[in-house]
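Add chain B to chain C, keeping to what the hints say.
Number of protein chains: 2
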Amino acid sequence: MAKRNLYLSNVPVEEALAKYIAALEGHLVPRYGTIPVTEALDRVTARAVYARCCSPLFNAAAMDGIAVIATATAGAAETTPITLERGKDFKVVDTGDPIYPPFDAVIMAEDTVEIDDTAVQIRAAAISWQHIRPIGEDVVAGEMILPGRHRVRPIDIGVLLSAGITEIEVYQKPQVAIFPTGNEIIEPGQMPKEGEIIESNTRMFEALVREGGGEAKRFAPIPDDPALLAKAIGTALVDYDMVLVNAGSSAGTEDFTAPVLRELGEVIVHGVAMKPGKPVILAVAGGKAVIGIPGYPVSAYLAYENFAAPILAILAGRRNAAPQVADAVVSRRLVSSLKHREYVRVKVGKVDGSLVASPLARGAGAAMSLVRADGFCVIGQNSEGIEAGETAPVELYRPLHEIERTLVSTGSHDLILDVIADIMAGSDYYMASAHVGSMAGLMALKRGECHIAPIHLLDEENGGYNISWLRRLFPGTPMSLIKGVGRIQGLIVKKGNPLGLCSVADLPSCRYINRQRGAGTRLFLDFKLKQAGTAPEQIPGYDREASTHMAVAAAVQNGGADAGMGIASAAAALDLGFIPLGAEEYDFVLLPRFLELPHLKLFLATLKSEGFHKQLAELGGYTWENCGEIEEVI
Amino acid sequence: MAKRNLYLSNVPVEEALAKYIAALEGHLVPRYGTIPVTEALDRVTARAVYARCCSPLFNAAAMDGIAVIATATAGAAETTPITLERGKDFKVVDTGDPIYPPFDAVIMAEDTVEIDDTAVQIRAAAISWQHIRPIGEDVVAGEMILPGRHRVRPIDIGVLLSAGITEIEVYQKPQVAIFPTGNEIIEPGQMPKEGEIIESNTRMFEALVREGGGEAKRFAPIPDDPALLAKAIGTALVDYDMVLVNAGSSAGTEDFTAPVLRELGEVIVHGVAMKPGKPVILAVAGGKAVIGIPGYPVSAYLAYENFAAPILAILAGRRNAAPQVADAVVSRRLVSSLKHREYVRVKVGKVDGSLVASPLARGAGAAMSLVRADGFCVIGQNSEGIEAGETAPVELYRPLHEIERTLVSTGSHDLILDVIADIMAGSDYYMASAHVGSMAGLMALKRGECHIAPIHLLDEENGGYNISWLRRLFPGTPMSLIKGVGRIQGLIVKKGNPLGLCSVADLPSCRYINRQRGAGTRLFLDFKLKQAGTAPEQIPGYDREASTHMAVAAAVQNGGADAGMGIASAAAALDLGFIPLGAEEYDFVLLPRFLELPHLKLFLATLKSEGFHKQLAELGGYTWENCGEIEEVI
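Chains C and B supply the protein sequences, listed in that same order.
Residue numbers for the first sequence follow this note's numbering, beginning at 1 and rising by one.
Residue numbers for the second sequence follow this note's numbering, beginning at 1 and rising by one.
Just chain C, same shape as in the assembly (with noise of 0.2 Å):
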């Protein structure tokens, strides 16, 4: 069998860091250079800058109105009005215009009586310097305008010009070069063979390096070929300041990644206490950084600002911006090892004035749970896990005020709540869904942690939907129950149901595959069970959890298993087969004083909109009669 190297080091994230700057020590010096002022937006001053003339640059007209020299309005008054004479006693001046001796005051146009063409009449005395900007009353030469190492702004640019200066020196652009690597991958745009995969995140580092004030050079993917990695890499070090190469970082049978960096330069670390992102590789080749990152998208994401983005900041001359970080109530127990470091992504929403931080999917392949998330929970290498309920820091990357107008729906999932956030999109507010099933919808509804919860729970001794659940769960609670759509469930099969199943009852013949306890879907199928006298145990595949309808319909398509219990759009969406087996309501469940929040009344408008009906048509599967109606429940 091919050697594997099972073991990586294990240095601790901030460790790895400082060891890896320290042997960079005298190589990340930030080149500058000078570029017009009015090129200069988002770069970063690579010194002071100081004013070269003054603003205003001589004594200037404050106010549109009439120069005059303030001795000579001495006296006048209601009672007593002056006579000023053009040329002589005043000038008509606008605003900005310059004022000259003798002439040392403006008196508004509004405070003037015109007589004729050459004389005015004043009524108050002047105060000598009033209405007057005195020269360098806004910047003064040769005071500072910028401190270094400051990111240019657009009012920043203006006073620059307006100070005189044209040309500043700011910090070059380092220039980054990024290596994809691997037999399997293949370039976006082709359509991937079973083993291939689509390479996507070296396009991801690009925006990266770019957001973070370098350029970058993406080179076109090296087959798993240590010799051809070595050559590419090496002549790279010619003429970047940087260089990534992804993946091949672990330690698998095929990751050249590291024995090709120690033959081009030292390793520094190969192995961090984080996760996901552990086997990142830290070296030092030709007096450059060399990054190897790991190949799962959450890994390469973490790895890249981890230790990529922290240098490219010392290289481009920019301070490194810490990210926003506040408090949150995690709604989710998470455990974690002693281990790492674990970054958990979250959905974060703010119900009732707490922000609440809802954990999304853990694993390091899943990079949906980025593009969904709004900030890392961040479980230390010293901490076990946080309990449900505990408050911990988040790291925000969305603007908190972007947050505050989000509503946040937890429970069960279905697609018309991607078209729901689709249309709120159009607005100034936002949704957010998490999809944990109905029950744990409600719980979280119950705890606080949320603002509506999408259910459809089957009453198995009256067959009605949600209504008795509510009374149950939320007992002398007042609830609002919003009315949503009428959906039809049955068996996603593959196209053409060639199993020929019909019910239920046919299950223990094929390969099934579930939803996770406490989803609606789930029950409604033991429900069903129960009633044609089938045992779960019977069913190949009952024990195995997807947790959307989408998940279950894939599973299907890609022939993993022969059914699964789902919503006719999802069958729908990917081509599938389907037998319907019943209708059910799927409601959304809220606290009555809810109803006053301005997205909660968008989230209402949205339901009741012909938009929404027209996109409920085209989905199929749905009925809305009711859609938008508010039931108290009691």
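Derived by calculation from the structure, the hints in this document are not laboratory data.
Predicted model, so just to flag it, every value in this text is computed and none were measured.
One thing to keep in mind: the hints can contain errors.
Copies of the same chain look alike in the list, so a pair counts if it works inside one copy or between any two.
Said to hold, decoys possible - Derived DSSO-like pairs (lysine-lysine); straight-line CA-CA distance at most 30 Å:
#: 1; residue 1: LYS530; residue 2: LYS614
#: 2; residue 1: LYS483; residue 2: LYS614
#: 3; residue 1: LYS217; residue 2: LYS91
#: 4; residue 1: LYS494; residue 2: LYS446
#: 5; residue 1: LYS350; residue 2: LYS530
#: 6; residue 1: LYS217; residue 2: LYS483
#: 7; residue 1: LYS88; residue 2: LYS19
#: 8; residue 1: LYS608; residue 2: LYS446
#: 9; residue 1: LYS91; residue 2: LYS193
#: 10; residue 1: LYS217; residue 2: LYS193
#: 11; residue 1: LYS339; residue 2: LYS446
#: 12; residue 1: LYS193; residue 2: LYS88
#: 13; residue 1: LYS614; residue 2: LYS495
Showing chain B alone in chain C's frame:
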């Protein structure tokens, strides 16, 4: 006399914007087009984006190890290991490799014992689907990846590509034409003569438009000629989505913008109830938004942000980014009028856990106040102002976590404060200075509004500096004094001292410019005058106040004054004459517990640094033997 149209309307800000948007109805439709995902950073999705393929696209190994058939591993345990045969019972897989039937589980490499090239031993049974990432675990084909109106981030690019999407529909960048106008303006790079102004506002607009997602085309300046202006705007209306005209938007003798726009289309609003920025013109011509923006830099900025920015956001398909708002204690009384909403620029600092907002210069021409500001304190039209010590909401335009890392200095002005801020810019901390004079600085410290107060207060009785004032003003409170610099005070005069001034006794014969009340430099003058037996009333200009050493020097350079008291470095900066009159001690006062703050430790290290002392030597007029030493004052 030329006609003036003295009276503009006074429409409240929100009402003006709503009226304008209503008048533009049907014209503010963003256009969109298709671009490659790899170029989509920061662009805004024109519609929701759905996955084209699943990710992962196949059932894939989640670990390096061996793929096995779960049922064939049943019974394996520490005491009853099972030997598996290569090809038949297992296959070696790396992370990401596809898992084909009959294999349905992965055992990690660490949990296997290699027997020979064809066999391994395992000591635990595998559960079916363990360590396998099922197809669609991250993204299922057909799932929504991004909603519409979403600004594309690096992580989105990665996920879009891995979901098989290579192109997306995004909103096009609106094209904005920008016209500078006026006979008095000159282009940057030319040295202005008296009466001329360097045109800089439209360069600021260019940058603001770029930040706002548009493309800006700045045209060459147009002289004050209505025909030329009308022709230029008329042509631009064909090719551009929005037109900005700067300035001529007020009602002076040469303000042609409003009449020209009335000719080309319709003026919806001329004059809004805000300060600065009142004389804004909101017009519609040829179905396009044409905005006349006033010429004062702060007015220009506020008119742009309140009117041009929201229109651009609509055209760019962007959500309107509301600023972050935080409550802060306002350090000085702010009187405002019921006639308008006023935007007061403030520096914001966090002292002892509270945000404190210190108002900066309020004039419409004070562009540096925008450069220095961390946000706006907005005084509503229905308010007459804010009392000192009251809490008020502040619109921040600097991130809160930067503000929290800022050392707030309030007190006497010296050029070395800029030097210190510049040196500290090399770290993760910031320093912000408000120049209010020594006495006002101590009052701010007393009210908990700053970390340190730089002072130079002479004790007229014993000739000592600072310490006796602390005992008097903070009786019973232990204070810390950080020794700063010794500096030479004297008279700043024209180069070569043409009036032959020798001492303060000569001041009655010249035009003097004084410092504000409470400034240590003014106390120093008063002390010297008393010693010389000269009465302040004898000095022409004693009542004319400037608030910094540099402003005094500028007035002398310009000829607006013959002499002013100030420090040697200010005279040197503008190449003026200087008559030394005495040395004084410029120190920093703080509460002892602030010495523990990380930014304060950095401040102390800066005071003691060689780099700082080198710059003091270059500035001239300073001594620094005890610089950075701490004295306890009880």
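Evaluated hints:
1. Taking identical chains as interchangeable, the C-alpha atoms of LYS530 and LYS614 are never at most 30 Å apart, the minima being 36 Å within one chain and 87 Å between chains.
2. Taking the shortest Cα distances, LYS483 and LYS614 sit within 30 Å of each other inside one copy (17 Å), while across copies they are farther apart (73 Å).
3. Proximity of LYS217 and LYS91 under a CA criterion of 30 Å is satisfied in neither setting, with 62 Å inside one chain copy and 38 Å between copies.
4. For the homomeric pair LYS494 and LYS446, neither the shortest alpha-carbon distance inside one copy (39 Å) nor that between copies (76 Å) is at most 30 Å.
5. Taking the shortest alpha-carbon separations for LYS350 and LYS530, neither the intra-copy value of 41 Å nor the inter-copy value of 63 Å comes in at or below 30 Å.
6. Proximity of LYS217 to LYS483 under the C-alpha cut-off of 30 Å is found in neither arrangement, the shortest distances being 52 Å within a copy and 51 Å between copies.
7. Within a single copy, LYS88 and LYS19 get their C-alpha atoms no closer than 77 Å, and across copies no closer than 47 Å, so neither meets the 30 Å cut-off.
8. Only within a single protomer do LYS608 and LYS446 lie at most 30 Å apart by alpha-carbon distance; the minimum there is 26 Å, versus 58 Å between protomers.
9. Only between protomers do LYS91 and LYS193 lie at most 30 Å apart by alpha-carbon distance; the minimum there is 20 Å, versus 83 Å within a single protomer.
10. In the homo-oligomer, the alpha carbons of LYS217 and LYS193 lie at most 30 Å apart inside one protomer (27 Å), although the nearest pairing across protomers, at 47 Å, exceeds that limit.
11. For the identical chains of this complex, LYS339 and LYS446 are neighbours neither inside a copy (34 Å) nor across copies (48 Å), given an alpha-carbon limit of 30 Å.
12. In this homomeric assembly, LYS193 and LYS88 come within 30 Å of each other (Cα to Cα) only across copies, at 25 Å, whereas the closest approach inside a single copy is 91 Å.
13. Taking CA atoms no more than 30 Å apart as the test, LYS614 paired with LYS495 passes inside one copy only; the shortest distance there is 26 Å, against 80 Å between copies.
Of the numbered hints stated above, those contradicted by the structure are hints 1, 3, 4, 5, 6, 7, 11, listed in ascending order.
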